[in-house]
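**Student:** Here the protein sequences line up with chains L and V, keeping their order. The C-terminal position of the first sequence is numbered 478 in the numbering used here, with every residue numbered one higher than the one before it. The C-terminal position of the second sequence is numbered 660 in the numbering used here, with every residue numbered one higher than the one before it.
Think of the hints as simulated: they come from the structure by calculation, not from any bench. Worth double-checking, as some hints may not be accurate.
Straight-line distance between alpha carbons at most 27 Å, and here's what the computed DSSO-like set of lysine-lysine pairs gives [claimed, not checked]: (1) K205/L with K510/V; (2) K307/L with K205/L; (3) K510/V with K534/V; (4) K510/V with K220/L; (5) K220/L with K205/L.
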Amino acid sequence: MAVVTGTPRIQETNRVIAPGQTAGGIDDVVNTPVLVGPQRTPTWWWALFGVSMSLLLLYLVSVVHLVTTGMGIFGNNQPVSWAMPIINFVWWIGIGHAGTLISAALLLFRQPWRTSINRFAEAMTIFAVVCAGLYPILHLGRPWVFYWLMPYPNTFGMFPNFRSPLTWDMFAISTYASVSLLFWFIGLIPDLATLRDSAKSRFQKLIYGALALGWNGSAKAWQRYTRAYLLLAALSFPLVLSVHSTIAMDFAVSQVPGWNNTVMPPYFVAGAVFAGFAMVLLLAIPLRRAFGLEGLITMRHLDNAAKLLLGTGMIVVYGYGVELFYAWYSGVEFEVFMAYNRVFGADHGWAFWALILCNLVAIQPLWFRKVRQSPAALFVISIFVSIGMWLERFVIIVVSLTKDFLPSSWGNYVPTFWDWALYAGSFGLFGTLFLIFIRLLPSIATTEMKELVHHDAHHGSDAYEAIREAYYRGEVRA
Amino acid sequence: MTAAVHVQPLHGLMAEYDTPEQVLSAAEAARKAGYVRMDAYTPHPVEGLDDALGMKPTNLGFLVLGAGLFGAAAGYFLQWYSAAVFYPLNIGGRPLHDWPTYVVITFEVTVLLAAFTAGLVMLARNGLPRPYHPVFNAPGFERATRDGYFLCIEADDPRFDEAAVRTFLGGTGAGRVVEVPR
């Protein structure tokens, strides 16, 4: 596909993976790197694992220091009592949303391109939710009594306040984490059975065999399985929308200028998908290269993800516009000042403009097909988007809190070393989990890929594909 | 094992095919020939195979609906009972039974119970986890999770006659027909 003449279109067929795939071939490509012995683990894996483990160590040191010393190690104070821990919490959980959206929403909309990327995107979701979910707990001050958030019969005779969005949050995130884990594991079962049956060593057979739960692929089992999978997708789709809406309500239900805003839930959801697709691209681009998966995760996938990145990015930018419009149209002195301070404030005005640069300017090249077809360009744009989405939460949370109502209560916020250490460390947690995942489990859903291969063969798109390839080579003119 | 065992108990006869279309037409033929105790084993779901084998549709959806409705009721009850009856909190004089603030948690509990019912009931009805199943005794069955498609007519079928079944399966285009010891 490198030499392109004329104006060929990538969307000519419904085919999303490279031609000539077979069921066994997919197993070989995806499962071989998983099943090789530890001595044949690639060097790049060990290098990245070393970096991730070092950062994870930093995370653990930060957590121990936090628990033994207290919240004072962070820069949070009045008036900015929500700062880096909450920014990072929202940032991580937003990233997770793309995985669920790919695996659930795109399944319901019958998008065949989801199949190549859903498994590792779901893993990304779970690991991002782990990173996210730990922040509010660590932010509690006394993290060891986090279970007080849950309603359970206790000797105090007390119950949580169900009118508080923070209690909604607890339910939303724990439901999201457990349902995502279930969805991921149910999807993995047939793939684990494939690993069990192609494993060479007894140890591998035992581990993958136990995890596959004795799956034998009988027609009756598949009948129930496909129904359960569809139901899980149908339940996960509204769930993922509810989770970030609930997080948005943590802000929208309050009275802080810049937070009390009805646009928050939909705009947060769009922002989550935006950040999530950026992370999917950041993971997919090196992954397809490292494991030689270019035939399964094709340019078509990157192109589609880039289009979603652009679309959700523009929704987010619309949200920025609506926020400023609300401030002006409300006529409320505090809201107008908040908007002015956000855009032109001496302390943090730079953050707003950096955000516009990352989330509005940097994604505009995605209108061009040439950019959407360039992994390097997509990788760079995705980094911009990830930084931009972090800045967005910084602007909403910190800048709104520094100067709210009474000028005598205004203050500033400066993150401390430990704020940054815990954030850097959370990358170590994510990276370690993700590297273990790609080493020990198939990063592509092989069973679903086989269904796709069969479907492609059944509908004769191979013949169509041959014509299209010839067209690309310039042998056939339209 | 003693040498006395010469009649090995049989789980059934297993035919192996290379394509999903073959196993689909073989299943169709087996149902028409009057076999009822049979199952097919495929690496991926094959559309229509359950119908071809004469299987009833699953009622999993109704169970999930029931669990979801129960979850909604339980989630709402939890909040109403604790906030309005057991531990009433007066916050700015707002009504104790303020249903709009209960919506989110009611929804989350609904999804939680419905999703876990879908996943766990599916596993339980499929008899999983199950460490041993006779079909794994079939030679070459490793292909059932890779690129092989299998049809097994079981020995407890009322019309099961080993020689007849072997001839029948041989006539459906099977690559090979093997005995599956129990």
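**Student:** All the hints need checking, so say for each whether the structure fits it.
**Tutor:** Evaluated hints:
no. : hint               : result
1   : K205/L with K510/V : violated, 39 Å
2   : K307/L with K205/L : violated, 41 Å
3   : K510/V with K534/V : holds, 16 Å
4   : K510/V with K220/L : holds, 18 Å
5   : K220/L with K205/L : holds, 25 Å
In summary, the numbered hints that this structure violates are 1, 2.
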